[in-house]
Every structure is written in structure tokens, then in C-alpha cells.
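Going line by line, the protein sequences match chains A and B.
Counting in full-length UniProt numbering, the first sequence runs from 1 upward without gaps.
Counting in full-length UniProt numbering, the second sequence runs from 1 upward without gaps.
No lab work stands behind these hints, which were simulated from the structure alone.
This one's a predicted model, so the numbers in the text were calculated from it and none came from an experiment.
Wrong hints could be hidden among the right ones.
Computed list of lysine-lysine pairs in DSS-like fashion (alpha-carbon distance at most 25 Å, straight line) [stated by the list, open to error]:
1. K124/A x K400/B
2. K157/B x K73/B
3. K398/B x K17/A
The following residues of chain A were derived to be distant from chain B, with all beta-carbon distances above 10 Å [as the list claims (entries may be wrong)]:
4. L7
5. G41
6. D42
7. E51
8. E63
9. I67
10. S68
11. E89
12. M98
13. R122
Yeah, the Cβ is synthetic: ideal placement off N, Cα and C, and Gly gets one too.
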Amino acid sequence: MSQLDDLYRRVIMDHYKNPRNRGTFDEGEAVSINLNNPTCGDKIQLQMQVEDGRVKAAKFVGEGCSISLSSASMMTDAVKGKTLEEALEMAENFSGLMKGESVEFEYEDIESLSGVNKFPARIKCATLAWNALRKGIEQSKTQ
Amino acid sequence: MNIEEIRRQFPILHQEVNGHPLVYLDSAATSQKPTAVIEAVKNYYEWDNANVHRGVHTLGSRATDAYEGAREKLRRFINARSTEEIIFTRGTTTAINLVASSYARAVCKEGDEIVITPMEHHSNLIPWQQVAQATGAVLKYIPLQQDGSISLEDVEKTITEKTKMVSVMYVSNVLGVVNPVKEIAAIAHRHGAKMLVDGAQSTPHLKVDVQDLDCDFYALSGHKMCAPTGIGALYGKKELLQEMEPIEFGGEMIDHVGLYNSTWKDLPWKFEGGTPIIAGAVGLAAAIDFLESIGMENIDRHEKQLTSYALERMVEIEGLTIYGPGQDRAGLVTFNLDDVHPHDVATVLDAEGVAVRAGHHCCQPLMRWLNVTATARASFYLYNTEADVDRLITALIKTKEYFGHVST
Chain A
1 MSQLDDLYRR VIMDHYKNPR NRGTFDEGEA VSINLNNPTC GDKIQLQMQV EDGRVKAAKF
61 VGEGCSISLS SASMMTDAVK GKTLEEALEM AENFSGLMKG ESVEFEYEDI ESLSGVNKFP
121 ARIKCATLAW NALRKGIEQS KTQ
Chain B
1 MNIEEIRRQF PILHQEVNGH PLVYLDSAAT SQKPTAVIEA VKNYYEWDNA NVHRGVHTLG
61 SRATDAYEGA REKLRRFINA RSTEEIIFTR GTTTAINLVA SSYARAVCKE GDEIVITPME
121 HHSNLIPWQQ VAQATGAVLK YIPLQQDGSI SLEDVEKTIT EKTKMVSVMY VSNVLGVVNP
181 VKEIAAIAHR HGAKMLVDGA QSTPHLKVDV QDLDCDFYAL SGHKMCAPTG IGALYGKKEL
241 LQEMEPIEFG GEMIDHVGLY NSTWKDLPWK FEGGTPIIAG AVGLAAAIDF LESIGMENID
301 RHEKQLTSYA LERMVEIEGL TIYGPGQDRA GLVTFNLDDV HPHDVATVLD AEGVAVRAGH
361 HCCQPLMRWL NVTATARASF YLYNTEADVD RLITALIKTK EYFGHVST
């Protein structure tokens, strides 16, 4: 089971058990993105408050496995205060992490998800929230 | 039925996955292939490969004989009246789409009804949604009982004089329910409707007799019954298929081609445009021989025994929910473990060498009906044993322990 411990690190399980930023903003207060993982039926709703090109806050609700929910928890925490460009760069870096590249994050918890790249079937779980982030950034820019 | 002898014929089963001997419990997604099928495909490519229906040369005749021989074999296997009623397709999905696009679109008008159930696989749901949207027909659902089965009383209430098409799966890939398709076909016919049976999950496991079922159409896939992927078939009653127009046009399906008008070949070829999956048909024929050598009744009995053993053992695991009826079910068990997402279950089981499916099983409406986003599923076939079930149970207990410290 040691290989599994790469996947289910303590940090990940902590985010799964105590998700940060779980919830929703009041209507009209944030950009909202709904995304499904069509292969498994998991879904996420990501909400972002963007002011002056910066992410003021992000919240999420959804259903998913430990990997997808902990990833959403970390992402929503990590993007707080970042410019949209910085947030997008973070999403790019996360893709790199999933490809097995060694990437460092200012928000270190994210690095605990590096083990997912050894479980190709689970990469989609980990990237769901980050794909929602990309969409949210796109949406914010066009508004 | 000598399981050890059967297992010897499946080379893929004899390997280690993640350091453990493989336990393959995902046959409802696709079955493994016996040596006889692998060899038949290999021999075909090594000795007989040529295009069908046009070669004057020897290989061309061999390939044609093999392809048409497979059609006759399948006709006998499901007891169709004639090979004209057997159309080779890519699989169940293409077979259902053929009926939806060619038959139902031509027949359905605004206000007509198409009847299905909420347990249908997406491939027996979306084509009908599309027909309904295109024609203005109404898509109606036969409601499910508490345990996921359907009652004939409800069928009687749902099918009306307006119903043109009824399409129901024989065996549910999630609940393991075996639907009373013969009775449903009789009710459909009493109202002048046609009946399609989605046989993806029944053909590999039960003795199928399309004349006895008296369905108008029957769709099946080869890859779930020991044959290669990419080959399947549509059975249709000859008089209906004759009425129907092809939906794919091109080579192989034509009779006379003029500059502005053309005519089609006879059944079944008018529906088989393009070079078909010849090696797939050869593999399907070998798979049918293999299954028949064991006997469909024996396979059915073996799977039922295995499933009741699995159900018995799974009840021992606290916090495990099983979906579907307690008895009279096909060889699969769909379940969830409290507080552990099915993806996480499947990953831990995989680390123990146990392959199960996790997800919505291409049945999103049914998942909503069950009030879950996803489930895990262990599905059995003729090569599975009680020892496989024991490995599943042990791995499930480990999964519980592994996630024991997490509760959400």
C-alpha cells in the first residue's frame, strides 16, 4: 500500500476532511463556473470574486473523490490575492505537475498532489478544479 | 464447468498487477478474450486477409466465407430466422443508432411516443432523445420500483396507442436487473409499437432467442462476449429492415450506381456500407464457438452462483451499500462504501490487483435516481471464481481501513 501513500498524502486527506473555501457567495457577487467530469459524473461549481484584475476570493461546492475535492480546496486557497495572469500561470504549473514535472508552488500543499501523476486514471480528478479556474479567468477577462 | 480449464484459456488473467495476481472484475465494461479468439484473428490476418464480396481470387473468397460464416453463426446463436436479419455493426451503440435514425425518424411524428426506462445506458437513451427532438415525438419513461426493477403494470400504463417505439435493456449494467423484455414486447405489439432490446449485457451471459422474445430489433456487442472490440450486430425482423433506408452510403452497400440515382444491395448488405470489420467478425465467430462449447446455461448458472456468494460476503462489510434487487439478478454487484468516493475505492482495489469499475457507468439518469454521483461495480464472467470474490472482499476491508481515519 506504500504506493498509495504517494497518492493519499496526509496533506491531501486533510484538505479532503477539512475543505477550505467550501461554499458559495451570494447571487451576483461572483463569477460562477459549473464543470463536470463526464467520465465519472463528478461536478464542481467554482465561484470567483475578481476585482481590478485580481482574485479577491474563491469558493467551491461539488461532489467528487478525495483527490478532486482536496485539489479544489488547495486551488481556491492558493489563488487568493493573485492577479488573473498569476492564477493562469499557476494552472499551467499544475498541468506540469500532473505530467510529472517537478514544480514548486508558493502554496506548498499543492505539491503533495504530485503523486497523482503515477495514477493516470486519476489526473482528471485532480485537474477538474483547475480547469474550472481557467474557465473562470477567461470569463472574468471578457466581462 | 471446469473453471481452472477455462481460466487457462485466458492468457491475460495470468499476470500480476501492482504486485498482486490480477483479479478482473470489469467484464461488464469489456470481457477478456480466450486464446481461441486471439488465434482466430491472428490466423485470419496471417492467411486469409482480403476484402469481402469483391475478390475473384482465393483469399477474397476465404475472407467472404469467413465473414458470412460469422453471420450465420450469430444467426444461430440468437436464433434469428435468416442471415438477412443480421446486420454487422460496430457494436450495440451503432446498432441502436441505426434503428433510431433509419426506422424511428421515419415513423415518428409529432405527438407520437417513444418509451424507455430511466435505467438505460446512454447508448439506449440519447439516440431516442435525438429522435424525439427531431420529430416532436414524446420520450416517456417506465418508472422504476423501489429496488430498481420495473413492473408490468407500469409498462401497461406507460405504453399507449400513441407509442411507436419501445426500447429497453435486457440486463442492467448497474442494477443487475433482468428486465421482462418478452412481456414488454407483447405489450408494445398490442399497441402497435415496435420493440428494441438492448442486448449488450444479456447476450454474453444468457441464452438469447430473438424469436421467442418476439422483439423487432435486438442490439449486441461482440467485445462483452469474448470477441474483439469493434464488432457487434443488429438483429431486425426482415419485413422491418426491408422497409428501412440505409443511413450510411458508399461502397459495399450499393447495387446499381448512376450519376444521379442509385439502388441498394439486398439485406443485410444495404446497411453495411464500407469495408466491414472482417477480422472482428471472425473473432466473433470464434467467441460464439467458445461460449457454446461451455454452454450458455452453464455460464448463466455459474455467474448467478458467484453473484449470490458475493452478495452474501459483501453484507459482512459494514458501511457497504449494494444497489439493485437482492435476487434474480445478473452477474454484477454495484456498491458504495460509506464515506469513501468510488474512485478512491477503485484506486485502492487496483493497488491490490483487483480491477473494478467506478463512475456513472454511462447511466447518469439512473445515478440521479439512486441519488449518487457515482458507484463502484464488480462484474463477473465465466472465468471468475469464488477466490476472486474473496480477494475483492479482503481488498474492500483494506480500503475501509485505509480511509478509516477520514470521515467527511
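Now for the hints, and whether the structure bears them out:
no.: 1; hint: K124/A x K400/B; result: 24 Å, holds
no.: 2; hint: K157/B x K73/B; result: 39 Å, violated
no.: 3; hint: K398/B x K17/A; result: 19 Å, holds
no.: 4; hint: L7; result: 7 Å, violated
no.: 5; hint: G41; result: 4 Å, violated
no.: 6; hint: D42; result: 6 Å, violated
no.: 7; hint: E51; result: 32 Å, holds
no.: 8; hint: E63; result: 5 Å, violated
no.: 9; hint: I67; result: 7 Å, violated
no.: 10; hint: S68; result: 8 Å, violated
no.: 11; hint: E89; result: 28 Å, holds
no.: 12; hint: M98; result: 16 Å, holds
no.: 13; hint: R122; result: 6 Å, violated
The earlier numbered hints that this structure contradicts are 2, 4, 5, 6, 8, 9, 10, 13.
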